[in-house]
Each structure stands twice: as C-alpha cells, then as structure tokens.
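Colleague: Numbering (full-length UniProt numbering), first residue to last: 1 to 296.
Hints are computed from structural coordinates only; laboratory data are not their basis.
Accuracy of the hints is not assured; some may be wrong.
What the hints assert, rightly or not - Derived Cβ-Cβ restraints for the label pairs, each shown as a range:
#	residue 1	residue 2	range
1	Gln271	Pro187	31 to 41 Å
2	Asp139	Glu83	11 to 21 Å
3	Lys121	Gly230	34 to 44 Å
4	Asp207	Gly238	33 to 43 Å
All C-beta atoms, glycine included, are put in the ideal place defined by N, C-alpha and C.
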Amino acid sequence: MTKPDILCIGSVLWDIIGRSTLHMRAGSDVPGHITRLPGGVAMNIAMTLVNFGLTPALLSAVGRDPEGDELVGEADRMGLITEHLYRSEDLPTDAYMAIEGANGLTAAIADAHSLERAGTKILRALEDGPLGSAIAPWDGLVALDGNLTRDLLSNISASPLFARSDLRVAPASPGKADRLLALVGHPSATLYVNLEEAGLLCQTAFDTAPDGARALIARGVHRVLVTDGGNLAAECEGAVLRTAQPPEVLVTRVTGAGDTFMAAHIASEVQGMDAQSALTRALNAAATYVSGGTPS
Numbered sequence: 001m002t003k004p005d006i007l008c009i010g011s012v013l014w015d016i017i018g019r020s021t022l023h024m025r026a027g028s029d030v031p032g033h034i035t036r037l038p039g040g041v042a043m044n045i046a047m048t049l050v051n052f053g054l055t056p057a058l059l060s061a062v063g064r065d066p067e068g069d070e071l072v073g074e075a076d077r078m079g080l081i082t083e084h085l086y087r088s089e090d091l092p093t094d095a096y097m098a099i100e101g102a103n104g105l106t107a108a109i110a111d112a113h114s115l116e117r118a119g120t121k122i123l124r125a126l127e128d129g130p131l132g133s134a135i136a137p138w139d140g141l142v143a144l145d146g147n148l149t150r151d152l153l154s155n156i157s158a159s160p161l162f163a164r165s166d167l168r169v170a171p172a173s174p175g176k177a178d179r180l181l182a183l184v185g186h187p188s189a190t191l192y193v194n195l196e197e198a199g200l201l202c203q204t205a206f207d208t209a210p211d212g213a214r215a216l217i218a219r220g221v222h223r224v225l226v227t228d229g230g231n232l233a234a235e236c237e238g239a240v241l242r243t244a245q246p247p248e249v250l251v252t253r254v255t256g257a258g259d260t261f262m263a264a265h266i267a268s269e270v271q272g273m274d275a276q277s278a279l280t281r282a283l284n285a286a287a288t289y290v291s292g293g294t295p296s
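Based on the provided sequences and hints, a complete structural model is requested.
Modeller: Rendered as structure tokens:
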C-alpha cells in the first residue's frame, strides 16, 4: 500500500458547472458552456496537491453506481489513492451544480447527502485499519471540508483517531461555515476561510482580512488564513499576523479557487517554504486557477 502524504476527507463528487462570459442575475437565460468534472472540496484539494507533487488519499462516500465508478476511475487516473473510499451500495454519488457569469457565481446547489448519511463509515481506514487506530493514530496532515456534518466534525475534533493529526479545515461554502465552530479550540486546526465566512464564524462583518483573522484567533482558533478575493489576504497564529496581496488577473472561473489556495499553501509548507513565501505562493496559485490556468 502506498502511504499517502495527506488525507483529504470530505466531498468527492461530480461538478456540473455552467459558465457564461456575460454578466448574470437571478432569472438570466444566456449562452455559455456546461462542463462536468471531478469536484467537491476534498477532491479539489487532492487534485491540486497532485499537481504540486504530493500523494493524497481520499476518504469519502462514493456510490457503486455508474457515476461513482467513473469518478473513482478518474481519480485513479490522476494518481489519487482511492482504496479507502466508502463505496455504498444504496447511496448515490453526490453532485454539485453551479452557474457562473462574468460577474462571478450566480447560484449553486450542493447535493452532498450521501456523504452526510455515510457519517463515520468514511473513517473506517483510520479506526482499525491501514491508516491508523485509536492507539496508533494517523500522525500526518489531514484536509477536512465543511461538507461533513457538524456532528462528525465535532467527533473528529475530540477523537483519539486525530489526536496527532495536523488538521487543515475549509468550509464548503458560506452557508456551511458555522459547522467549523466545532473545531474552534482544537490545538492543531488551521482554518482556511474567506472574509464572508470569517464574519459568519464571528457573527459580525469585517472590512479586511487582517481584521477577520485577528478576530478568529481571539475566538480561540489555533491558526487561520483569510482571503478576500483580489484584496489583501492574511494569516494569523497567536500574536503573529502576516499579509500578502494577490496578483491582479482576469477572472474566468471561481468554483474551486479557495480549495486551490488551501492545497497550494499546504504543499508549500510541506516542501519547506517559510510562512510568508507559502502564503504568497498560495495566492499566486489561486490567481492562476481563476484566470484559467493550472497551478503547480
């Protein structure tokens, strides 16, 4: 068995994305292109990590339906470790649908019900299996996504299975940001959020990423990185605050940008970059992604 560099736990599904070069609003009916690609927060992070030379393993729920078989085949082809996936006989493979215009994301629906219903079954390889156990827990990096239920995130926060893990956590969307409250106070959790999500976690609104980062640390978060689109980004741990400015680029897509930022930051730290350089590289990778390129 190949030992993974990091575990990516969360949504692994199909992204169905409709994109138009025109500005859109509610009710718009415009020409564009529709694509179907492997997606989900955990999957997006894993795919980007592969581009940076790491070997991730996926822990998620994928149906034993044709969509699931095709999705696992795509993941295998990309070099992701899929042998620890929970393959359900009765749960369908999840999906995400989004509409994007020239003015950004217009609307999206995430159907991650199979992941939510699978619950702790996705963690079987960590309980008494090839990736660890309660007496010999996984002692490496773990990327968690907010598509996991609040109860499961709470269990992970207190579980001996993750007592030695370096947890990296991202909300699936602003609508699920409050699920991350379960990990506030965890001694190793690093949160990756945007400015809106930082405000939701603190039940207020912030003008800048540094303001949001400081507030989350005051709330009890171990370490946090806050992005704000093309504006100044911030990282905070204890009393140490770092900032960096993303490069200006032409935005051609937005779905998956935050996952790319998180994966690039993790990879940069694994490869020995100092904190400021890792933050800058992650912002550059996200900018490359939203402009239509492939960061590596």
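Colleague: Give me the numbers of the hints this structure contradicts, sorted from smallest to largest.
Modeller: Hints 1, 4 are the ones this structure does not satisfy, whereas the remaining hints hold.
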